Amino acid sequence: MTQMAISLSRLANEEFVAPGRSGCPGCPAVMGARLAMKVLGKDTIMVNATGCMVANYGYCGAPLFPFIHSLFENAGALASGVESGLRALGKPDVNVVVYAGDGGTVDIGLQALSGAVERGHRLVYICYDNEGYMNTGVQRSGSTPPWASTTTMPEGRRDWQKGSIYAARKDMVRIMAAHDIPYAATASVGYPQDYVRKVEKAANADGPAYIHLLTPCIVGWGFPEAMGPKLARLAVDTLAFPLYEVEDGHRYRITVRPSRPKPVAEYLGLQSRFRQLGDDDGIIEIIEKQLKRRWAHLQDLAALAGPGKEPGE
Amino acid sequence: MHPWSASRPLSAWLPGGYCRSRRGAHRVFRPVIDDDRCSKCSMCWVYCPEGIITRGERYTIDYDYCKGCGVCAEECPRSAITMIREE
Amino acid sequence: MPRSYLTGCQAVAEGARLAAVQVVAAYPITPQTAIVETLASAVARGELDAQMVPVESEHSAMSVCIGAAMVGARAFTASSSQGLILMHECLFMASGLRLPIVMAVANRALASPVTIFADHQDSLATRDACWLQLYAETCQEVLDYILIAYRTAYHPEVMLPVMVCLDGFFLSHISEPVSVPDQAAARDYLADARPAYPMLDVDDPRCFNVMAFPDYFSEFQRDRFESMRKAALVLDAAFQEFEASFGRSHARVEGYRTSDAQFILVGMGSLMGTVKQVVDDHRREGHLVGAVRITAFRPFPESEVAGLCRNATAVGVLDRDVSPGSGGILFAEVSKCLYGSAPGPRLVSFVLGLGGRDVTEETVTRCLEQLLTPAAQVLGGAVHWPDANTATLRKWGLGDADGDKS
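Chains as they are written, first to last, in the working numbering: chain L, 1 to 313; chain U, 1001 to 1087; chain H, 2001 to 2406.
So that you can see chain L by itself, here it is in the shape it has in the complex (with noise of 0.2 Å):
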């Protein structure tokens, strides 16, 4: 915890959002929105898709850096716009950032985003991923947990392949690092030094970079608004959303290892949109064992880049 605050008290002091924002108290997505500014600087554009965020600095909100909202799912072209439009005016040292929700960019987005990164455009797009539409009222997106009621699927997907490793939602890591773009990673706001190296990262990738960022939702999730943080550090110590980046499309390295993981349990019983699992120990035991296997697969391939890439060495 210690070493944390040390490397955390280095961002800026300065804050880049004025207080007053609109949108929920507590927040898990404005948090990360928040220290992504706090490593980018002022010298940020941001691009935001449709969705929360929207409601967060759109409505009434204070950002102090230039901010767009453009529509849902052309945030990724329209930040290459601006890149392509700040390189024709000879200003190459501007940052470039999307901060886009889970429907914004693994659904109705990802055209857009894999346009923008397959052409090279230097920008950061930061999915917050919520797991669903939550500013519009709680629907399922391509990024829900199966298992997860929702306001269009309140009994959870029961459909997906027990077989699956991937739970049968789209894993935009690898469908990013397929892209073979320099930098792509999740992070979680439970892990703020974890995230706040991974956007570092991003803003110094030699072209684009993504990182995916697990932003529990007080609303959508069903939890009290304080704890936001700890429901995103348990995703990660339950192995539920494990930490990773891929460098170069194929150098997988895990980033945050939990040394004895909690049971997943644990990190569903919080949330009341697991409640319809009901007491079905059948069920829970399932899910465990497919994020078992993720897990030994994610650590497959961060053995294929090699002894020696672990963070720390």
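A few of these clues could be false.
As the list claims (entries may be wrong) - Computed cross-link-like contacts, DMTMM-like style, restricted to lysine to aspartate or glutamate with a CA-CA straight-line distance of at most 20 Å:
id, chain 1, residue 1, chain 2, residue 2
1, L, 91, H, 2203
2, L, 201, L, 43
3, L, 38, H, 2260
What the hints assert, rightly or not - Computed far set for chain H versus chain L, every beta-carbon distance over 12 Å:
id, residue
4, 2049
5, 2050
6, 2060
7, 2061
8, 2068
9, 2072
10, 2074
11, 2187
12, 2201
13, 2206
14, 2211
15, 2226
16, 2327
17, 2358
It is worth saying that the hints were derived from the structure and are not from the lab. All values derive from a computational prediction rather than experimental measurement. Ideal placement from N, C-alpha and C gives every residue a C-beta, glycine not left out.
Here the structure of chain L is known, so what remains is to put chains U and H in place on it, guided by the hints.
The following block gives chains U and H in isolation, referenced to the frame of chain L:
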């Protein structure tokens, strides 16, 4: 005052600008820092979604804008922050 | 001024090169593709210093233009048909953010069924997106309009995007002699074409495209509405300046032999060359006929059209488009201008030239003859389809060229 913190009016000609509003009035619980227990570790500052905790000799909270979410109290490793019900 | 043989697509590309566009984003679609190919090779040869962004869709093409224009770069794109419709959502964003983007539209019909050939359905479907729309008759106009479009789009009284429309294949792929202005003169003409204020600027940070609640939204719309109205005068000034600089005269609306005309055909685009030919032929036979060509469909030249047509006996509107459930789109616009003028001309609606069907002298003659027919013998309210294949209509049980009279 921050140079940019003056509110810009929404202009019909320029669809830019921003506004801000004081949200503190809606708060149900108020976080109170116990300076004796506070080790100035930054964790409340890191997690505060409003960015209204100021680090320094003493850590202070801007109650005009604090929504009382309680994340600071929950994350404080030394339990130096208590949530007290507003009158 | 050197003359070259240029296709409509090449003329667009020359216009964009002369306008020194800085970001070009486009997605391939026939018949627009040659525009971007020409620009890409100009960039590759070092004749144009621009960022080419080969996007993965037209939706993204317009989004890239929006992003580039938001930081103050001069953005250009071109599209057609399905591509234009795919970017529909972004068109409203571009005009709402008051961005001076210029787009060439190589007009092409909309599926289904599939076609790659010309009509005006695509750009007219975007009628209410608050883009200025200019329709060219010749390749020379295509080039000139691109420069005029940028000059107008950046004008502080306007600050709206502009479409320059050219009929697919009829203009896009036909070579004509075109005078190409020199770079310095074009630069001078566009000297004032700069963003009126910084938008996404780290030295003056602001938020854009945020929520406008009911207490503001209507005024934003009114603001665009008024700017579009003012755009008419700004366009007139841009045309005048253009003539002073380059010696060619253009206008929002062109009256052809209308001073004493009793029978007038109104239309847009390349078919007007044929119409003028037929007007000449009928004049030789002693008929008092004339033509009105709409160049600026948005802002629509209402008073000018009314002035040209008010005293005619009959006005026929040639629509290379159709609004099912209503009739010709241009017809509705022209009717509105003439509403209330007493006694006012008899108005006749013609829908023709759809999906690339050639508008021949014979077709136009048929329209004129319809106009010349005494009013008593004409069915009111019908939409005429003067180039209809009557055999097919009959086989399909769809009435005849003058509507379904069953």
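Status of each hint after checking the structure:
Of the supplied pair hints, the one linking residue 91 (chain L) and residue 2203 (chain H) holds, its CA atoms being roughly 12 Å apart against a limit of 20 Å. For the proposed pair residue 201 (chain L) and residue 43 (chain L), the alpha carbon gap of about 17 Å is at most 20 Å, so the pair holds. Between residue 38 (chain L) and residue 2260 (chain H) the CA atoms are separated by roughly 72 Å; this puts the pair beyond 20 Å, and the hint is violated. Listed as outside the interface, residue 2049 (chain H) is inconsistent with that label: its C-beta sits roughly 8 Å from the nearest C-beta of chain L, within the 12 Å cut-off.
The non-interface label for residue 2050 (chain H) is inconsistent with chain L: the shortest C-beta to C-beta separation is roughly 7 Å, within 12 Å. With a minimum CB-CB distance of about 4 Å to chain L, residue 2060 (chain H) fails to clear the 12 Å threshold, and the non-interface call is violated. Distance check for residue 2061 (chain H) against chain L: the nearest CB is about 8 Å away, which does not clear 12 Å, and the non-interface claim fails. Not every CB of chain L is more than 12 Å from the CB of residue 2068 (chain H) (nearest about 3 Å), against its label as outside the interface.
Its beta-carbon lying about 6 Å from the closest one in chain L, residue 2072 (chain H) breaks the requirement of being farther than 12 Å from that chain. Residue-level check failed: residue 2074 (chain H) sits 8 Å from the nearest beta carbon of chain L, not beyond 12 Å. With a least CB separation of 17 Å from chain L, residue 2187 (chain H) remains clear of the 12 Å interface cut-off, as annotated. For residue 2201 (chain H), the requirement that its beta carbon stay farther than 12 Å from each beta carbon of chain L is not met, with the minimum near 6 Å.
Interface exclusion of residue 2206 (chain H) from chain L breaks down, the closest Cβ pair being 6 Å apart, not more than 12 Å. The beta carbon of residue 2211 (chain H) sits about 5 Å from the closest Cβ of chain L, which is not more than 12 Å, so the claim that it is off the interface is violated. The claim that residue 2226 (chain H) is not at the interface with chain L holds, since no C-beta of that chain comes within 12 Å of its own (minimum 24 Å). The claim that residue 2327 (chain H) lies off the interface holds: its Cβ sits roughly 33 Å from the closest Cβ of chain L, which is beyond the 12 Å cut-off.
With a minimum CB-CB distance of about 37 Å to chain L, residue 2358 (chain H) clears the 12 Å threshold, and the non-interface call stands.
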